[in-house]
Amino acid sequence: MSKRVVNILVPLISIVLGLIIGAIVMAVSGFNPMDGYIALWNGIFMDTYTMGETVRQITPYVFAGLAVAFAFRTGLFNIGVEGQLIMGWLAAAYVGQAFELPTFIHIPLALLAAAAAGALWAFIPGLLKARLQVHEVIVTIMMNYIALHVANALIEVISGGAERTPKIHESASLRSEFFESITDYSRMHWGFLIALLVVILMWFILEKTTRGYELKAVGFNQHASQYAGMNVKKNIVLSMIISGAFAGLGGAMEALGTFENMSKLHGFTGIGFDGIAVALLGANQPFGVLLGAILFGSLKNGGLNMPSEAGVPVEVVSIVIALVIFFVASGYIIRVALERFSKKKKEVK
Amino acid sequence: MSFLEVLYFIIPSAIFYAAPLIMTAIGGVFTERSGVVNIGLEGIMIIGAASSIIFNLTFADQFGNLTPWLGLLVGMVLGILLSSILAVAAVSLRADQTVSGVALNMLGLAVAVFTVKMLYDKGQTDSITERFSRFDIPILSDIPIIGKMLFVDVYATSILAIVIAFIAWFIIYKTPFGLRIRAVGEHPMAADTMGVNVTKMRYIAVMISGALGGIGGAIYAQAISGNYSATTISGQGFMAIAAMIFGKWHPLGALGAALFFGFAQALSVIGSSIPFIKDIPSVYLFILPYVLTILALAGFIGKANAPKASGVPYIKGKR
Numbered sequence: 267m268s269k270r271v272v273n274i275l276v277p278l279i280s281i282v283l284g285l286i287i288g289a290i291v292m293a294v295s296g297f298n299p300m301d302g303y304i305a306l307w308n309g310i311f312m313d314t315y316t317m318g319e320t321v322r323q324i325t326p327y328v329f330a331g332l333a334v335a336f337a338f339r340t341g342l343f344n345i346g347v348e349g350q351l352i353m354g355w356l357a358a359a360y361v362g363q364a365f366e367l368p369t370f371i372h373i374p375l376a377l378l379a380a381a382a383a384g385a386l387w388a389f390i391p392g393l394l395k396a397r398l399q400v401h402e403v404i405v406t407i408m409m410n411y412i413a414l415h416v417a418n419a420l421i422e423v424i425s426g427g428a429e430r431t432p433k434i435h436e437s438a439s440l441r442s443e444f445f446e447s448i449t450d451y452s453r454m455h456w457g458f459l460i461a462l463l464v465v466i467l468m469w470f471i472l473e474k475t476t477r478g479y480e481l482k483a484v485g486f487n488q489h490a491s492q493y494a495g496m497n498v499k500k501n502i503v504l505s506m507i508i509s510g511a512f513a514g515l516g517g518a519m520e521a522l523g524t525f526e527n528m529s530k531l532h533g534f535t536g537i538g539f540d541g542i543a544v545a546l547l548g549a550n551q552p553f554g555v556l557l558g559a560i561l562f563g564s565l566k567n568g569g570l571n572m573p574s575e576a577g578v579p580v581e582v583v584s585i586v587i588a589l590v591i592f593f594v595a596s597g598y599i600i601r602v603a604l605e606r607f608s609k610k611k612k613e614v615k
Numbered sequence: 016m017s018f019l020e021v022l023y024f025i026i027p028s029a030i031f032y033a034a035p036l037i038m039t040a041i042g043g044v045f046t047e048r049s050g051v052v053n054i055g056l057e058g059i060m061i062i063g064a065a066s067s068i069i070f071n072l073t074f075a076d077q078f079g080n081l082t083p084w085l086g087l088l089v090g091m092v093l094g095i096l097l098s099s100i101l102a103v104a105a106v107s108l109r110a111d112q113t114v115s116g117v118a119l120n121m122l123g124l125a126v127a128v129f130t131v132k133m134l135y136d137k138g139q140t141d142s143i144t145e146r147f148s149r150f151d152i153p154i155l156s157d158i159p160i161i162g163k164m165l166f167v168d169v170y171a172t173s174i175l176a177i178v179i180a181f182i183a184w185f186i187i188y189k190t191p192f193g194l195r196i197r198a199v200g201e202h203p204m205a206a207d208t209m210g211v212n213v214t215k216m217r218y219i220a221v222m223i224s225g226a227l228g229g230i231g232g233a234i235y236a237q238a239i240s241g242n243y244s245a246t247t248i249s250g251q252g253f254m255a256i257a258a259m260i261f262g263k264w265h266p267l268g269a270l271g272a273a274l275f276f277g278f279a280q281a282l283s284v285i286g287s288s289i290p291f292i293k294d295i296p297s298v299y300l301f302i303l304p305y306v307l308t309i310l311a312l313a314g315f316i317g318k319a320n321a322p323k324a325s326g327v328p329y330i331k332g333k334r
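Here the protein sequences line up with chains A and B, keeping their order.
Quick note: the first sequence uses my numbering, first residue 267, plus one each step.
Quick note: the second sequence uses my numbering, first residue 16, plus one each step.
For reference, chain A alone in the conformation it holds in the complex (with noise of 0.2 angstroms):
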């Protein structure tokens, strides 16, 4: 079995086992596991409006799993995309409610203020990486924390003490009619556009320039690309500073398409995190990335069906994602035992 079938068979292989053990929770708890993920299949596709809604919810997994992606393939383990995207959310429903300006003008301004934030966040991490080899897992956890808590006391500030931000102007705002008519009034905006253009980037950026030539090589061997004359530090920087910029991008989609402002949050949203997931899930390529946030993301959508629908606990979604996530990462016990089967077959022949 060549390697590039091994590669797209253990992710194949891990959403089904994570299914599977899914199927096996619903039926030991006393549901009827079919009923359990028809409910789910119709909360991703039952009409134009749960479509409309899967796509708002595909979104910001996009960004999220960019993030730690691109981090990752310079060796940089983010964990900090939660926080980097908090930040990302609270400066785009800033700008956007702060300022009157064209259309034109004041959506890309916003964009860029929230991935000025988002990237600020990460910079800190990756200053830490850098200089002081302070290792960035532990950093950028911290940072999700001082994110949260800081985020909830500006929006105080910029509220002038109440639970939420004042609602963005009409001219920052991704809504847009074409799309409300045509899905039944789902919060389905202009984002996506967004994700797709910078999956393109993400790519572009990794496969056709220098610099990402030289991201990649340090996430290769850092040594190495030191001896051949790469800054090193430098790299590790700009990577956390591009992965931050990403999240804070998913922020904004939050706050100028499905949400519109940003309330105070009693705890994580929990995108960040699931950005590990697809990131991993995708193999870290940026369509690779694209497949695995449209796959968890109609997950978590679909999920919100269930119970209505077949009485299951919403968390049956996330169970199943934390699986995949095992199973992914325990790749070498997969690949072991499809290696195991090639062979036998191979005898066979």
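Since the hints were made in silico from the structure, they are not lab data.
This one's a predicted model, so the numbers in the text were calculated from it and none came from an experiment.
Just to be clear, a hint being listed does not mean it is correct.
As the list claims (entries may be wrong) - Straight-line C-alpha distance at most 30 angstroms; calculated DSS-like pairs for lysine-lysine:
(1) B/Lys-331 <-> A/Lys-269
(2) A/Lys-609 <-> B/Lys-333
(3) B/Lys-132 <-> A/Lys-482
(4) B/Lys-333 <-> A/Lys-269
For this one, chain A is given, so just place chain B on it according to the hints.
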């Protein structure tokens, strides 16, 4: 309020908030010392908290006063079970330890909320009736000043946590078993050559962390929150990991750091009723532990070095 009264007020609650952190942080010390990064402590605490509350609600009538203690055991057992998933993935299947830890957190939360919804048809359990209660320690509480600060209204769980920290220090630094754990975490190949079973040691260390993390969650649930919902444990596991790093991977350091973080948590909760502190916006108190951890890692508060092989799967025969 005089300064002394403020201390009488805040020190007991600092210790009270620190107990779950101490437990979980000590668990973190064990796994990291053996070379396995356990980001999943948050998920383990969640399972410990949920299971102890469910047990407590179900069996409070049968066991009476004993229920919270049995609840700790239940949390411990389920913590071990959950952590063994991480052990299998990270030690045997060579999975990325951080990724599987993240998955463990998601799994822990999802399973806990799923179970609660199944049992009670709502996202939040009722409040438990049998909680850990406070008591005064005889004789010691009569000591002037210190007695009133440290030995009045004490929770038995706080004492347990502090005792466990000292036992952990003894085990890790004074016993052959502890030496092996440290060896496996610093240089697994050397340990393997000397006949130490690396896989076995790492499995044991991860399960100890699961046990302590589960107890930590159970303490939080049965002493502090009194019920379980999806937001009961939100960040305590990560704060415990922070305490472990701030304490430089040393059990007593982790104890000190956890006490300090407990102090910060107590301040953010009860600070509004204390003069001076109520003028500080609460956000500064909320983010204090996290900022301090980053500063500690950056070496501004003494250089902290992680065990050398931490986070690296051991593959026999690989250089």
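Structure-based check of each hint:
For the proposed pair B/Lys-331 and A/Lys-269, the alpha carbon gap of about 24 angstroms is at most 30 angstroms, so the pair holds. A threshold of 30 angstroms between alpha carbons decides the hint, and for A/Lys-609 with B/Lys-333 the separation of about 24 angstroms falls inside it, so the pair holds. Note on B/Lys-132 and A/Lys-482: the hinted pairing is violated, with a Cα-Cα distance of about 45 angstroms set against a maximum of 30 angstroms. Restraint check for B/Lys-333 and A/Lys-269: satisfied, since their Cα atoms lie roughly 22 angstroms apart, inside the 30 angstroms limit.
Comparing the model with each earlier hint shows a violation of hint 3 alone; every other hint is respected.
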